[in-house]
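Line by line, the protein sequences are chains A and B.
Per the numbering used here, the very first residue in the first sequence carries number 763; after that it's consecutive.
Per the numbering used here, the very first residue in the second sequence carries number -10; after that it's consecutive.
Rather than coming from a laboratory, the hints here were simulated on the basis of the structure.
Treat the hints with care, as some may be off.
Calculated cross-link-like contacts (lysine-lysine; reagent style DSBU-like; alpha-carbon spacing at most 30 Å) [said to hold, decoys possible]: (1) K476(B) - K815(A); (2) K366(B) - K832(A); (3) K226(B) - K832(A); (4) K794(A) - K876(A); (5) K794(A) - K976(A); (6) K476(B) - K876(A); (7) K870(A) - K472(B); (8) K158(B) - K794(A); (9) K815(A) - K226(B); (10) K832(A) - K264(B); (11) K226(B) - K183(B); (12) K183(B) - K169(B); (13) K251(B) - K264(B); (14) K26(B) - K191(B); (15) K476(B) - K366(B).
Predicted model, so just to flag it, every value in this text is computed and none were measured.
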Amino acid sequence: MTTLALYSNKGGVGKTAAAVNLSYLAAQSGAKTLICDLDPQSSATYYFRVKPKLKSGAKGFIKGGKQVYKSVKGTDYENLDLLPADFSLRNLDVAFDKVKRSKKRLRKILNPFKAEYDFIFLDCPVTISILAENILNAVDYALVPLIPTTLSVRTYKHLLSFCNKNNYDASKIYTFFSMVDRHKKMHREIIATASKTYNGVLQSFIPYLAQIEKMGIYRAPVAVFSPESVASRSYQNLWDKVQRTILSPQPDEMNREGSIG
Amino acid sequence: MLNNLKYNLPDNYNKQQLIKELSGHYTIKKESMLAEKITICDTFDWRLFNKSLVLYASGRRLFLRKLAKSDIIHSAVISTLPVFIREFPDGELKNQLAPIIKMRALLKLVEVHSRSIPYRILNAQEKTVARLAYEEFRAPPKKDTPVLATYLWLKPVKGYPKYARNLAKRIEAAGFTLSKADDIFFTVLAAVNKKPGSYSAKINLQLDPDMRSDKATKVTLRFLLDVMRINEANIEKDLDTEFLHDFRVAVRRTRSALGQIKYVFPAKTTARFKKDFAYVGKLSNELRDLDVYLLKEDTYKAMLPPILRGDIDPLFDHLRKKRSKALQKVIRGLKAKKYTKIMKDWEAFLKKPLRDSATASNAKLPVIDLARNRIYKKYRNVVKLGSQILENTEDEMLHVLRIHCKKLRYLMEFFSSMFPRKKMNTLIEQLKKLQDNLGDFNDLWVQKEYLLNIIAELPTAPKRSKKTLAAIGSLIGSLDNEKQTVKDAFAKTFTDFASPANQALFRELFASTAQEVV
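Construct the entire structure; sequences and hints are all you get.
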């Protein structure tokens, strides 16, 4: 069982789109997959046509156990289940703060799912508080979508120094480029520098594409409504990279020379 | 959570009829047809089937499920079908299968083609709330061979149990019946004439206690001959080490039966075949020894200090080379006239009608009397010898005791069908523990000696070979230490075996005989 978070401390970088498409691709390969929508905005839940509702809300979620388990819904796709979001999740930070071993709570909540699923994906809200620590404690790997802009890279640096300061293992953090526009010189340059500077940069780009935005109209992963599109192929490529470099690493696949910035 | 439900179709049912009926109540969306090739695997001796497990590959994944159940226990991504457990990707599937499959090769049992037409049942939000699928199975080789079975699947979607329950009611009302016990596994194997569980090297005979002893012995020997024949054909293919192993066990049991079930055949016949099977056994001694060393490669490496682990490789490379030569020798031996004649004569002898002879004084005895007599005598032998060893533990005597135990074990297995199963199993279990102890001791002793001798054979390449020698030396040291540990454990193992309770049980089952036995 492998747990992967689509995480970023910056908003609007393509976390949900990646979480939805990657979890779909994982399930398609025959792996039992769960996607947990931790974002109170519930976009992933919306994409899967499920009502954003958890039994007993965020309170029940924090408690873990049966209530959480019962909230899981099957999606339109075989092998892919969803733990829906709930509006009350907006208070998750506060709620985590009140419980014992508050930084490892999420890990405990996910534990019962580990026997059943081969992959668990977390679609995370923007955070760098106690929820972020919960996420880092709960997952095997965090995938951070990075828009090749100065601000985005700057936020990524914050995340790495946050990990350093709080003793989180930065080697479980991987990044890929998201919303890329190859026509922009700056994008190309930042991609080149960031790939050299940071560890764990997957050489995979999700371009900025209208097809991806259309997920909101079709309420489905891109591979479902537009299987031959560039968008669909780039998620497939990203998933291949994730499998080959993170899940079952092969030599020479990874650029690990750079130092942590 | 509701499980997937599998239904048999009513006779001569038009598949569209159900979908038509249901679309009066639900929004139904037909999906595109899915075609899959499913490869079902097991070991030659049906290890997975014996544990009610079905392992199959479909697409790029390997799936494990229980027989007659559809839920997947574990699955794993594969690039090619693994043959040995070491070729499995790390994970729960491997962990569960390793102690079952052990050193055996996985063989493709059969391929089956599945074609399914899935339907999704949608709610008002056009969200899938249940799935239906018609699935057809066809046997190989061609995709358009006749359909072996057709099922309707109802697959509930998590979180929407009501839909599944209501659909189940409607499906049953339409005349579909839940198909619980049957499994496509059986259907498709029957289609290619394979019987699950049909091979096992374990003695599985039902002897009538009143049967003449010579006849019962022939029945037993016939069974062993079948085991030899089945495995002999596969030794050459070299799929795994256990074909040879099972073959050799059958040969050893045959020799033991000839020696231990006394005076049932004419003395001349017995003597001839004892000699013949000693020859057959010897044919593959070297190959089996090499197999054992190579199977232990990882264990041996783990015994070495990490600094020397890489240096032992030349030894195993050497053993591998020796093994391929030894295998060729065995193959030649099994094709040679001498072997062919032995087996032909043996088969003819077993087929021949029973014949009285002056030297076969036990031939007409009811087999139960002979069984009791032989087992009890051998048992007392073992206890007597073991007790002597307790006072003075000599390596050579442990070896002799091991042989006696083996003979006792074979006798008990030959005749076990005539005695209460539970009691028999308890005794065999106890004996097995003692045999394991003696077997380990012997193996360690033999291995140590073998390694000492092999040093002379190793090809010498300057620097490297010196470290290799150091590694072998270290290994010999470890083996010697372990040998002592095993030897120390003998006293307790034997005392357990010879406990008053066991002695009483042996007496109860085997001490009395109705007729005089020679």
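Comparing the hints with the structure gives:
For the proposed pair K476(B) and K815(A), the alpha carbon gap of about 66 Å is over 30 Å, so the pair is violated. At most 30 Å may separate the alpha-carbon atoms for a hinted pair to count; K366(B) and K832(A) exceed this at roughly 65 Å. This hinted pair does not check out: K226(B) and K832(A) have alpha carbons roughly 53 Å apart, beyond 30 Å. Between the alpha carbons of K794(A) and K876(A) the distance comes to roughly 10 Å, so the proposed pair stays at or under 30 Å and holds.
Using a Cα cut-off of 30 Å, the hinted pair K794(A) and K976(A) holds, with the two alpha carbons roughly 26 Å apart. With a C-alpha separation of about 45 Å, the suggested pair K476(B) and K876(A) falls outside the 30 Å cut-off, and the hint is violated. In summary, the hint linking K870(A) to K472(B) is not supported, as the alpha carbons are separated by about 46 Å, beyond the 30 Å threshold. About 28 Å separates the Cα atoms of K158(B) and K794(A), which keeps this hinted pair within 30 Å; it holds.
About 60 Å separates the Cα atoms of K815(A) and K226(B), which puts this hinted pair outside 30 Å; it is violated. This hinted pair does not check out: K832(A) and K264(B) have alpha carbons roughly 71 Å apart, beyond 30 Å. The straight-line distance between the Cα atoms of K226(B) and K183(B) is roughly 20 Å, inside the 30 Å bound, and the hint therefore holds. As the CA atoms of K183(B) and K169(B) are separated by approximately 22 Å, the hinted pair is consistent with the 30 Å bound.
Distance hint between K251(B) and K264(B) is fulfilled; the C-alpha atoms sit about 16 Å from each other, no more than 30 Å. With a C-alpha separation of about 34 Å, the suggested pairing of K26(B) with K191(B) is violated against the 30 Å cut-off. Proposed proximity of K476(B) and K366(B) is supported: the alpha carbons are some 26 Å apart, at most 30 Å.
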